[in-house]
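Colleague: Chain residues, written in single-letter form:
2 protein chains.
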Amino acid sequence: MKLTILGCYAATPRTISNPTAQVLEIKNHLFLIDCGEGTQVQLRKNKIKFSKVNHIFISHLHGDHFYGLVGLLSTFMLLNRENDLHVYGPKGIKEIILLQLRASGSYTGYNLYFHELISKESEIIFEDEKVVVKTIPLKHRVYTNGFLFQEKNIKRKLNLEAIESYKIDTCYFQKLVYGGDMKLEDGTIIPNEVLTSDPDPEKSYAFCSDTVYNEDILPIIKDVDVLYHETTFLDSEEHLAEKTMHTTAKQAAKIAKLANAKALIMGHYSTRYGSLDPFKEEAETIFTNVILADDGKTIEL
Amino acid sequence: MKLTILGCYAATPRTISNPTAQVLEIKNHLFLIDCGEGTQVQLRKNKIKFSKVNHIFISHLHGDHFYGLVGLLSTFMLLNRENDLHVYGPKGIKEIILLQLRASGSYTGYNLYFHELISKESEIIFEDEKVVVKTIPLKHRVYTNGFLFQEKNIKRKLNLEAIESYKIDTCYFQKLVYGGDMKLEDGTIIPNEVLTSDPDPEKSYAFCSDTVYNEDILPIIKDVDVLYHETTFLDSEEHLAEKTMHTTAKQAAKIAKLANAKALIMGHYSTRYGSLDPFKEEAETIFTNVILADDGKTIEL
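Order-wise, the sequence lines are chains A and B. Take the first sequence: its letter number 74 is residue 74 in the UniProt record's numbering, and every next letter is one higher. Take the second sequence: its letter number 290 is residue 290 in the UniProt record's numbering, and every next letter is one higher.
Same shape as in the complex, but just chain A (with noise of 0.2 Å):
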């Protein structure tokens, strides 16, 4: 896995950084998570191919986090785009974008999908054999959901102690990794379980961004690889945090350190803070291992 930070910056884009959207690398796909006005320049600079975007997830309908969705799907129209979009976001965002597609008396020669969230529960939205994709519901100033995703893992681990015990072909080995059973030459059969152990744990990725402190989110994230939390102020300003439904440095921190998480990525700063070492300082007083996401930066999970 492999996180690209196109924007992490809250409220308004500036010359020196971008509002919210990152490219999140899985198991082959490209999956864009948020996309706040200026995406598409951020992902020609970070030389994302746009043609294998194929699904891009909207946490909520602040400016700051999709304000270029409708700049990119036209752009994907003017490149001549083949391949299905998908677009996850909060109900609504199938209105927005028609209106002013149609208003340019734009049809997109591509098939554009809106698969629109209303749920305040955690549910999956994307699932194929490698990936499965669930919300995360947020507590925020509007209908939020951050997103889980996680990689499958179906592939058993060989015990080759045993496995050369048995004196098994390699030609077998595929076999045992999906889970079966051995059938040596004299008839007796080996229980998978004998030959092989457990799959190594699944890889994950949670992304929560906009919302409050909130815990009851412990219970979709916990033992993520990687969370990336939103931080949009410090310390001393708290009572912001509280009153614009973010979240401080510290309380993100002891999200992270409640479930378990293995690194936090922090991000979402509010464009008050001149410095970002201020945040992980904060955090590192909670949790050790803490990551500044900063826009351009890649980071591999």
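Rather than coming from a laboratory, the hints here were simulated on the basis of the structure. Values in this document were obtained by computation on a predicted structure and should not be read as measured data. Heads up, some of the hints might be wrong.
[To be verified] Non-contacting residues of chain A with respect to chain B, defined by C-beta distances greater than 12 Å in every case (computed):
id, residue
1, Ile163
2, Glu193
3, Asn260
[What the hints assert, rightly or not] Listed below are the simulated PhoX-like cross-link pairs for lysine-lysine, each with C-alpha atoms no more than 25 Å apart in a straight line:
id, chain 1, residue 1, chain 2, residue 2
4, A, Lys94, A, Lys134
5, A, Lys52, A, Lys130
6, A, Lys257, A, Lys280
7, B, Lys130, B, Lys27
8, B, Lys47, A, Lys45
9, A, Lys254, A, Lys297
10, B, Lys91, A, Lys94
11, A, Lys94, A, Lys120
12, B, Lys52, B, Lys2
13, A, Lys45, B, Lys297
14, A, Lys2, A, Lys47
15, B, Lys203, B, Lys257
16, A, Lys297, B, Lys45
17, A, Lys47, B, Lys45
18, B, Lys203, B, Lys134
19, B, Lys45, A, Lys45
20, A, Lys52, A, Lys2
21, B, Lys280, B, Lys222
22, B, Lys2, B, Lys157
23, A, Lys94, B, Lys94
24, A, Lys297, A, Lys2
25, A, Lys203, A, Lys134
26, A, Lys27, A, Lys175
27, A, Lys91, B, Lys94
C-beta: ideal position from N, C-alpha, C; glycine also.
Following the hints, position chain B against chain A.
Modeller: Then chain B, alone, in the frame of chain A:
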């Protein structure tokens, strides 16, 4: 009058170029003309004060001319703008903007007025004591207007020779400039036209984008000081210009010549071209005073 080009390329924003937006400084107004994606960042880059922009003119509802509007209006809101804001654009623009503001649970703290345009005839859409703005109906794939900005010059020119011969004191000059007659101490009345001559012609700027070659606009833009005319294509792509209802460099130059414009600014270049020089070369075969627009360029008119 001063024109700042924020963006002057067609279709899609790129790392090296921006879609249409420009700021016209005229008689203490800052008029924003079109507002492609990224305009708010371009305004910042060019150090134009957000609070001084009170009038925004949108030519048509293609994305490269207005997808930056909703973000700019939202940023005005976040910055606690207080001034009224007026948006002039095709019918439909109000619904598009308000739908998005409603979806984000946002309401502007400032008064936001939409002036929706439907007329296919030129009409006055803004007027105060110093400036008048008229639409220039254009022919494009969707309903489109250019805009003609005219300085009003009501101050007559003093005829210093005549003034001296009547020994008129400077304290009467203001009255003369605004058309008043002069009563001498002996009661004789000297008519204004003896002491002054007609005002210098008004300065004017015409913005014409996007449009196919269209001589119908000539009566509206006749004798304009500076004409900005789209030149999406070079002569070799004239067939594309016709098909997509755009203009070539030569066609724009012909319009400038027929309109008796003093200067032609070219822009809205297709992103297919590596260099802008051929636009100038082709136009100059027909019209002499040609200026190439480019992002970030400031032009004193």
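Colleague: What's the verdict on Lys52 (chain A) and Lys130 (chain A), does the C-alpha distance respect the 25 Å limit or exceed it?
Modeller: 17 Å, holds
Colleague: Please work out if Lys91 (chain B) and Lys94 (chain A) have their alpha carbons no farther apart than 25 Å.
Modeller: 21 Å, holds
Colleague: Do the alpha carbons of Lys130 (chain B) and Lys27 (chain B) lie within 25 Å of each other, as the hint requires?
Modeller: 7 Å, holds
Colleague: A cut-off of 12 Å on Cβ-Cβ distance, and Asn260 (chain A) was said to be off the interface with chain B. Does that hold?
Modeller: The claim stands: Asn260 (chain A) keeps its Cβ more than 12 Å from every Cβ of chain B (closest is about 34 Å).
Colleague: Can you confirm whether the C-alpha distance between Lys94 (chain A) and Lys120 (chain A) stays at or below 25 Å?
Modeller: 19 Å, holds
Colleague: Next pair to validate is Lys91 (chain A) with Lys94 (chain B); report whether the Cα-Cα distance is within 25 Å.
Modeller: Holds, because 21 Å separates the two Cα atoms, which is no more than 25 Å.
Colleague: Check whether the Cα positions of Lys52 (chain A) and Lys2 (chain A) lie no farther apart than 25 Å.
Modeller: 15 Å, holds
Colleague: Assess, step by step, whether the Cα of Lys45 (chain A) is no farther than 25 Å from the Cα of Lys297 (chain B), and give holds or violated.
Modeller: 23 Å, holds
Colleague: Given the hinted pair Lys52 (chain B) and Lys2 (chain B), is their Cα-Cα distance within 25 Å?
Modeller: 15 Å, holds
Colleague: Between Lys280 (chain B) and Lys222 (chain B), is the straight-line Cα distance small enough, at 25 Å or below?
Modeller: 22 Å, holds
Colleague: Minimum C-beta separation from Glu193 (chain A) to chain B exceeding 12 Å: can you confirm that?
Modeller: Given that every Cβ of chain B is farther than 12 Å from that of Glu193 (chain A), nearest at about 52 Å, it holds.
Colleague: Does Lys257 (chain B) lie within 25 Å of Lys203 (chain B) when you go C-alpha to C-alpha?
Modeller: This hinted pair holds, its Cα atoms lying about 18 Å apart.
Hint compliance for this structure: no hint is broken.
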